[in-house]
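Chemist: Spelled out from the first residue to the last, the chains are:
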Amino acid sequence: MAKTKFVRTIAGIVLSAAFALFYAHQQVELVKTSFLINKHDREVTLLLDQYRGLIYNLSRLELPGRIENTLSVKDITLCMPKKKNIRQKQNLKL
Amino acid sequence: MHINFSKTRHFSILIVFCALFTVLIARLLYIQIIRSKQFSALADKQHKLFLRLEPQRGSIYDRRNRVLAIYMDAPSIYAVPREISDKENAAGVLAEKLGIDRKQLAQKLQKDNYFAWVKRKVDPETADKIEKLGIRGVLLMDEPKRFYPGGKLSCHVLGMTGVDNEGLEGIELYYDRELKGEPGWRLSSRDAKRREVISFQRGFVPAREGKSVVLTVDEVIQHIIEKEIEYLLQQYKPAAVSVVALNPRTGEILGMANYPWFDPNDISGVDASAVRNRAITDSFEPGSVFKVVTASAALEEGIVDFDSEFYCEKGAYKIGKRTLHDYRPYGTLKFSEIIEKSSNIGTVKVAGKLGREKLAEYIKRFNFGETTGIDLPGEAAGIIRNPSGWTYVDMTTIPMGQGIAVTALQLASCVSVIANDGALMRPYVVKKFLDKEGAAIEENKPRTVRRVISKETARKVKKLLAGVVEKGTGTRARLENFTACGKTGTAEKVNPRGGYYKNKYISSFIGFAPCEKPAVALVVCVDEPVREHFGSRVAAPAFKRMMEKILPYLEIESDKGETKKSS
Chain A
0 MAKTKFVRTI AGIVLSAAFA LFYAHQQVEL VKTSFLINKH DREVTLLLDQ
50 YRGLIYNLSR LELPGRIENT LSVKDITLCM PKKKNIRQKQ NLKL
Chain B
0 MHINFSKTRH FSILIVFCAL FTVLIARLLY IQIIRSKQFS ALADKQHKLF
50 LRLEPQRGSI YDRRNRVLAI YMDAPSIYAV PREISDKENA AGVLAEKLGI
100 DRKQLAQKLQ KDNYFAWVKR KVDPETADKI EKLGIRGVLL MDEPKRFYPG
150 GKLSCHVLGM TGVDNEGLEG IELYYDRELK GEPGWRLSSR DAKRREVISF
200 QRGFVPAREG KSVVLTVDEV IQHIIEKEIE YLLQQYKPAA VSVVALNPRT
250 GEILGMANYP WFDPNDISGV DASAVRNRAI TDSFEPGSVF KVVTASAALE
300 EGIVDFDSEF YCEKGAYKIG KRTLHDYRPY GTLKFSEIIE KSSNIGTVKV
350 AGKLGREKLA EYIKRFNFGE TTGIDLPGEA AGIIRNPSGW TYVDMTTIPM
400 GQGIAVTALQ LASCVSVIAN DGALMRPYVV KKFLDKEGAA IEENKPRTVR
450 RVISKETARK VKKLLAGVVE KGTGTRARLE NFTACGKTGT AEKVNPRGGY
500 YKNKYISSFI GFAPCEKPAV ALVVCVDEPV REHFGSRVAA PAFKRMMEKI
550 LPYLEIESDK GETKKSS
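Protein chains in written order, with numbering that gives the first Met the number 0: chain A, 0 to 93; chain B, 0 to 566.
Watch out, some of these pointers could steer you wrong.
[Claimed, not checked] Taking lysine to any residue and the SDA-like style, the derived pairs with C-alpha atoms no more than 20 Å apart in a straight line are:
1. A:Lys38 <-> B:Lys192
2. B:Lys144 <-> A:Leu47
3. B:Lys96 <-> B:Lys44
4. B:Lys333 <-> B:Gly314
5. A:Lys82 <-> B:Asp558
6. B:Lys226 <-> A:Asp74
7. B:Lys151 <-> A:Leu62
8. B:Lys47 <-> A:Thr32
9. B:Lys459 <-> B:Ala422
10. A:Lys38 <-> B:Ser188
11. B:Lys501 <-> B:Lys128
12. B:Lys226 <-> A:Arg86
13. B:Lys120 <-> A:Lys81
14. A:Lys82 <-> B:Lys430
15. B:Lys151 <-> B:Lys96
16. B:Lys192 <-> A:Leu53
17. B:Lys192 <-> A:Thr32
18. A:Lys31 <-> A:Leu47
19. A:Lys81 <-> B:Ala422
20. A:Lys31 <-> B:Lys192
21. B:Lys86 <-> B:Lys144
22. A:Lys83 <-> B:Gly314
23. B:Lys192 <-> A:Phe34
24. B:Lys120 <-> A:Leu47
25. B:Lys548 <-> A:Leu77
26. A:Lys81 <-> B:Lys548
27. B:Lys435 <-> A:Gln49
28. B:Lys120 <-> A:Asn56
29. A:Lys31 <-> B:Ser198
30. A:Lys31 <-> B:Val196
31. A:Lys81 <-> B:Ser557
[To be verified] Per the computed footprint, the stretches of chain A lying under chain B, defined by three or more beta-carbons under 8 Å from a beta-carbon of chain B, are:
32. 11-23
33. 34-43
34. 47-53
[As the list claims (entries may be wrong)] Examples of chain B residues toward chain A, derived with CB under 10 Å:
35. Leu152
36. Gly183
37. Ser187
38. Glu218
Since the hints were derived computationally from the structure, they do not count as laboratory data.
Using N, Cα and C, we set each Cβ at its ideal position, and we do this for glycine too.
All chains should be modelled from the sequences, with the hints used to inform the complete structure.
Modeler: This is the structure:
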């Protein structure tokens with residue numbers, strides 16, 4: 000009788016300890032996940048900023064003034080095509 | 000006497016323990032009950048983290064979705080004055096590297112607090128230099144900053160933002176609420192190292208990101224206009240230039256530029272006069288370009304037709320004490336010739352037949368004296384005096400564009416009425432708003448304000464203006480591959496002390512092309528050009544050069560035979 004009571008008590012203590020440990024573990028995991036989320040958030044922010052930086056650089060490269068200067072440095076002149084060189088849509092035989 | 004030491008000792012120990020536990024329990028009661036509120040507040044202060052979530056400011060695109068304004072993170076330098084040991088020395092080094100006032104910085108650092116801005120939104124190279132200095136208590140953080148890839152391109156339309164990303168001018172100011180969005184917040188917890196523990200979040204309201212804006216402005220047309228302004232600066236060294244290009248059918252502004260201009264990426268030390276969007280804020284006497292209004296009114300009222308003849312007094316017409324002059328002495332001219340040759344005397348005689356009330360009515364119908372309603376801040380209404388106060392002198396000045404003041408945008412609106420078969424459209428610069436994912440959520444549609452003149456009259460005025468370009472004062476605006484309509488103007492500048500300057504002029508040209516299906520209406524105003532001052536010599540050729548680039552770019556088919564010119 001006494002032995003059963005002792006075993007029950009020990010089992011209760013072990014179970015309580017296990018539950019407490021599990022709870023503590025979950026809390027630690029929550030904190031770890033939180034730090035991971037923060038880290039990923041910073042990475043996403045950085046990547047998005049890099050992306051915006053690339054768009055900015057691309058926009059600068061595609062500026063009409065810049066393209067015009069490049070063409071003029073390379074001595075390239077763009078001309079409108081003459082009418083005889085234009086094929087009208089209705090004349091196309093598909 | 001026998002003393003039971005064992006019993007006494009046990010009793011003493013019990014007393015000591017009881018006393019200790021009493022103290023402990025008392026302390027616990029003190030902490031948990033008496034000081035509970037203060038300690039809870041202190042713990043909350045340490046653990047709670049309130050974060051204001053800044054919304055992302057929306058981008059600005061041109062009509063073909065090319066980026067005109069975007070935000071990126073820029074490093075800002077701040078200090079924790081408490082942590083800086085040698086404050087004087089730190090202030091000296093930082094002031095030298097950052098080019099800021101040493102005294103002001105030293106004052107900031109002398110305060111015994113935790114935060115002071117040193118310089119906000121510096122370039123990455125400067126931030127690197129400061130980081131390498133390794134001054135304890137001087138730190139960097141990223142802040143969003145507005146960047147304009149085109150520099151001064153479209154600067155007056157786009158405007159600029161302040162150091163806290165608030166709109167200060169242009170679209171940035173007019174649509175500040177839409178662009179900046181609404182901040183959110185997050186109530187979270189933090190650990191001993193002050194790092195956020197997002198899992199223990201207690202409340203969260205996400206930031207509402209700013210809407211992006213798609214303009215009606217085209218980056219290439221804007222470039223063509225600004226390039227032409229640069230050419231005008233080289234040739235005529237004017238004090239100011241304004242050019243407005245719009246689609247007359249819809250009222251969409253395709254390009255709008257002014258000189259002086261500025262670079263919105265660097266607004267430190269920018270002159271306030273350079274920031275002003277002169278095309279909408281500055282009123283001036285339009286001169287002969289205003290004859291379009293007089294001619295339209297006279298034709299609409301059926302007072303004249305193309306062949307109506309007026310004697311132009313051989314160039315000098317005395318009305319009361321005033322003598323009116325023409326640039327050349329003309330005898331009898333047909334009404335169409337009066338407009339083609341821009342005869343002041345002829346125009347005043349036509350206006351005389353029209354009458355004060357009718358002229359005033361048409362000026363109002365063309366929307367002069369009222370703002371156009373464009374979605375840009377600071378628009379001026381111009382100056383039109385109450386017609387009841389007009390004297391006979393006014394009837395000799397107003398019909399030819401003197402004694403009134405208009406903006407370049409109003410002139411663009413006016414010429415668009417003719418191009419658009421008599422209907423006045425509200426000019427606008429924002430085509431649509433986009434959400435974070437780039438989907439259109441709101442669109443600005445063309446809006447007709449009113450019918451100013453009938454379709455038939457508009458066609459007649461078109462014919463008159465085509466005559467101006469083909470054989471009148473505007474021949475230098477004649478395009479090689481397209482038909483064009485237009486009117487030149489040369490106005491003496493008003494002297495604020497009274498009268499007019501004898502050597503200061505505003506040369507202007509208003510017009511559109513092609514004549515039959517107008518795609519672009521263009522207004523060129525050159526303020527105080529040097530060497531030449533006639534609208535026919537300064538503004539008209541500028542119109543031609545710009546139109547010959549803009550129309551092929553818009554893939555408008557030539558309506559004048561073989562395509563010749565390169566673009």
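Chemist: Are the hints correct? Go through all of them and say.
Modeler: Against the structure, the hints come out as follows:
1. A:Lys38 <-> B:Lys192: 15 Å, holds
2. B:Lys144 <-> A:Leu47: Roughly 14 Å separates the two Cα atoms, so the pair holds.
3. B:Lys96 <-> B:Lys44: It is violated: about 37 Å lies between the C-alpha atoms, which goes past 20 Å.
4. B:Lys333 <-> B:Gly314: 15 Å, holds
5. A:Lys82 <-> B:Asp558: Between Lys82 of chain A and Asp558 of chain B the Cα gap is close to 12 Å, so the pair holds against 20 Å.
6. B:Lys226 <-> A:Asp74: OK: Lys226 of chain B and Asp74 of chain A at ~19 Å, within 20 Å.
7. B:Lys151 <-> A:Leu62: Holds, at roughly 12 Å.
8. B:Lys47 <-> A:Thr32: 18 Å, holds
9. B:Lys459 <-> B:Ala422: 14 Å, holds
10. A:Lys38 <-> B:Ser188: 16 Å, holds
11. B:Lys501 <-> B:Lys128: 56 Å, violated
12. B:Lys226 <-> A:Arg86: 33 Å, violated
13. B:Lys120 <-> A:Lys81: With a Cα-Cα distance of about 52 Å, the restraint between Lys120 of chain B and Lys81 of chain A is violated, given a limit of 20 Å.
14. A:Lys82 <-> B:Lys430: Cα-Cα ~34 Å, so violated.
15. B:Lys151 <-> B:Lys96: Not satisfied, since the Cα-Cα distance of roughly 27 Å exceeds 20 Å.
16. B:Lys192 <-> A:Leu53: 35 Å, violated
17. B:Lys192 <-> A:Thr32: 16 Å, holds
18. A:Lys31 <-> A:Leu47: Not satisfied, since the Cα-Cα distance of roughly 24 Å exceeds 20 Å.
19. A:Lys81 <-> B:Ala422: Violated, at roughly 36 Å.
20. A:Lys31 <-> B:Lys192: 14 Å, holds
21. B:Lys86 <-> B:Lys144: 29 Å, violated
22. A:Lys83 <-> B:Gly314: 50 Å, violated
23. B:Lys192 <-> A:Phe34: 12 Å, holds
24. B:Lys120 <-> A:Leu47: Cα-Cα ~18 Å, so holds.
25. B:Lys548 <-> A:Leu77: 12 Å, holds
26. A:Lys81 <-> B:Lys548: 16 Å, holds
27. B:Lys435 <-> A:Gln49: 17 Å, holds
28. B:Lys120 <-> A:Asn56: At roughly 18 Å apart (the allowed maximum being 20 Å), Asn56 of chain A and Lys120 of chain B satisfy the hint.
29. A:Lys31 <-> B:Ser198: Distance ~9 Å between Lys31 of chain A and Ser198 of chain B Cα, so the pair holds.
30. A:Lys31 <-> B:Val196: Holds: Lys31 of chain A and Val196 of chain B sit about 9 Å apart, inside 20 Å.
31. A:Lys81 <-> B:Ser557: Given that 20 Å is the threshold and the Cα spacing comes to 11 Å, the pair holds.
32. 11-23: With 0 residues closer than 8 Å to chain B, the stretch 11-23 of chain A misses the three-residue bar; violated.
33. 34-43: holds (count 3)
34. 47-53: Holds: 3 residues of the stretch 47-53 of chain A have a Cβ under 8 Å from chain B.
35. Leu152: 7 Å, holds
36. Gly183: 14 Å, violated
37. Ser187: Check passed: Cβ of Ser187 of chain B comes within 9 Å of chain A, closer than 10 Å.
38. Glu218: 6 Å, holds
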